[in-house]
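**Q** What follows is each chain in one-letter form.
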Amino acid sequence: MQKVAVIRFPGSNCDVDSLNGAKRVGTDAYLVWHRDIDLKGADAVILPGGFSYGDYLRSGAIARFSPIMQAVQRFAQDGGPVLGICNGFQILCEAGLLPGALMRNARLSFVARPVAVRVEQTDTAFTNRYRKGDILRMPVAHGEGRFAADAATLRKLEAEGRVVVRYVDLDGSPLKDGEINGSLNDIAGIANAEGNVVGLMPHPDRAADPALGNTDGLGFFASVIGWAHAKGVGR
Amino acid sequence: MHYRVHVRIVPRAGLLDPQGQAVEHALTALGFKEAANVRIGKAIELSIDAKSAEDAKGRARVMCDKLLANPVTEDYLVEVEG
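Residue numbers (numbering that gives the first Met the number 0), protein chains in the order written: chain D, 0 to 234; chain P, 0 to 81.
Among the clues, some could well be false.
Covered, in the sense of this in silico footprint (three residues per stretch, anywhere, with C-beta under 8 Å from a C-beta of chain D), are these stretches of chain P [unchecked claim]: (1) 25-31; (2) 62-74.
Label-pair restraints from in silico Cβ distances [claimed, not checked]: (3) D:Leu211 / P:Asp54: 53 to 63 Å; (4) P:Asp54 / D:Lys175: 44 to 54 Å; (5) P:Arg60 / D:Tyr29: 52 to 62 Å; (6) D:Asp27 / P:Ser46: 41 to 51 Å; (7) P:Gly13 / D:Ala210: 21 to 31 Å; (8) D:Gly95 / P:Asp74: 16 to 26 Å; (9) P:Gln20 / D:Ala158: 25 to 35 Å; (10) D:Gly160 / P:Arg60: 18 to 28 Å; (11) D:Gly160 / P:Gly13: 23 to 33 Å; (12) D:Lys131 / P:Ser51: 44 to 54 Å.
Everything labelled a hint here was simulated from the structure, so no lab data went into it. Every value quoted in this text rests on a predicted model; they were computed, and no experiment measured them. Glycine included, each C-beta is placed from N, C-alpha and C at the ideal position.
Start from the sequences, fold in the hints, and give me the full structure.
**A** Below you can see the structure in the form of structure tokens.
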């Protein structure tokens, strides 16, 4: 059975949602405290949403120096699948595992509502159960989700097909300018060049339970199962 | 020798600074029509044990590069007292 480590930082608050999402697709998911130094044989790692270290200094800036993050860095560099959701995405950017940064929302408001995203790239560890063009509904809940990067990085991300999900209207049409949080090119999530590290601001973990009426996010948790086998990653 | 070090962190020029914009609007609303280009960053003060002011400044710059500033979105300025 696939082993999925969900890292719990002080201030994580979606760790159990991620744990439940991973369990629901049949993986052996467990929590790992940020002070641990070992991922306990994980085949995949999830950095969950929340407000690690109270978002002090910058979101994710301090969590990236947690003891467990050294193991996560090595795991990711060896090709291990790592998913960062919301605060987890911010941590991945701060850690340099993904390019760019997440800045204060363009309209200053904390945005907490369901949004739609279009799946742009399915050749990643976390989106291979979707089809290109699929529209997924998932909640966002963030104050600092505006994706920013220099022009060269942005061009590279687009040219290499590393924008994984993009915000769209609920009917799938492009958003009006800067809606939701002002992200460059309406970017909601990106991947590294190898596709094993993915970060996104919307919450697949909050769209992964039939009792809540929306399971659009389950594919993120299920994708990692096929991926690890296909790529021979893990143990 | 302990040096008191002041680090100023500002959003990189050209990047949208919604906090700065909001404060600029508020200043304009208060009648301060002369205020423009408001940017909001952070000020960090710390003591650094170093051999010289130059060393303290160098260490502070390393701290900025590694943690205090985000190299993607922020610029910083280091000043050493005395």
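**Q** Determine for every hint whether it applies to the structure shown.
**A** So, going through the hints one by one against the coordinates:
1. Figure legend: the stretch 25-31 of chain P, annotated as covered by chain D; annotation inconsistent (0 residues with Cβ-Cβ distances under 8 Å, at least 3 required).
2. With 5 residues having a beta carbon nearer than 8 Å to a beta carbon of chain D, the stretch 62-74 of chain P meets the requirement of three or more and the stated coverage holds.
3. In this structure the hint that leucine 211 (chain D) and aspartate 54 (chain P) lie 53 to 63 Å apart at CB holds, the actual value being about 56 Å.
4. At about 52 Å, the beta-carbon gap between aspartate 54 (chain P) and lysine 175 (chain D) stays in the expected band of 44 to 54 Å.
5. About 41 Å separates the C-beta atoms of arginine 60 (chain P) and tyrosine 29 (chain D), a value inconsistent with the hinted range of 52 to 62 Å.
6. About 48 Å separates the C-beta atoms of aspartate 27 (chain D) and serine 46 (chain P), a value consistent with the hinted range of 41 to 51 Å.
7. The given range of 21 to 31 Å is broken by glycine 13 (chain P) and alanine 210 (chain D), whose C-beta atoms sit roughly 46 Å from each other.
8. Distance hint check: the CB atoms of glycine 95 (chain D) and aspartate 74 (chain P) are about 18 Å apart, consistent with the given range 16 to 26 Å.
9. A hinted range of 25 to 35 Å for the beta carbons of glutamine 20 (chain P) and alanine 158 (chain D) is consistent with their spacing of about 31 Å.
10. As the Cβ distance of glycine 160 (chain D) to arginine 60 (chain P) is approximately 37 Å, the hint placing it in 18 to 28 Å is violated.
11. In this structure, glycine 160 (chain D) and glycine 13 (chain P) meet the distance hint of 23 to 33 Å, their C-beta atoms being roughly 27 Å apart.
12. Lysine 131 (chain D) and serine 51 (chain P) have their C-beta atoms about 58 Å apart, which leaves the hinted 44 to 54 Å range violated.
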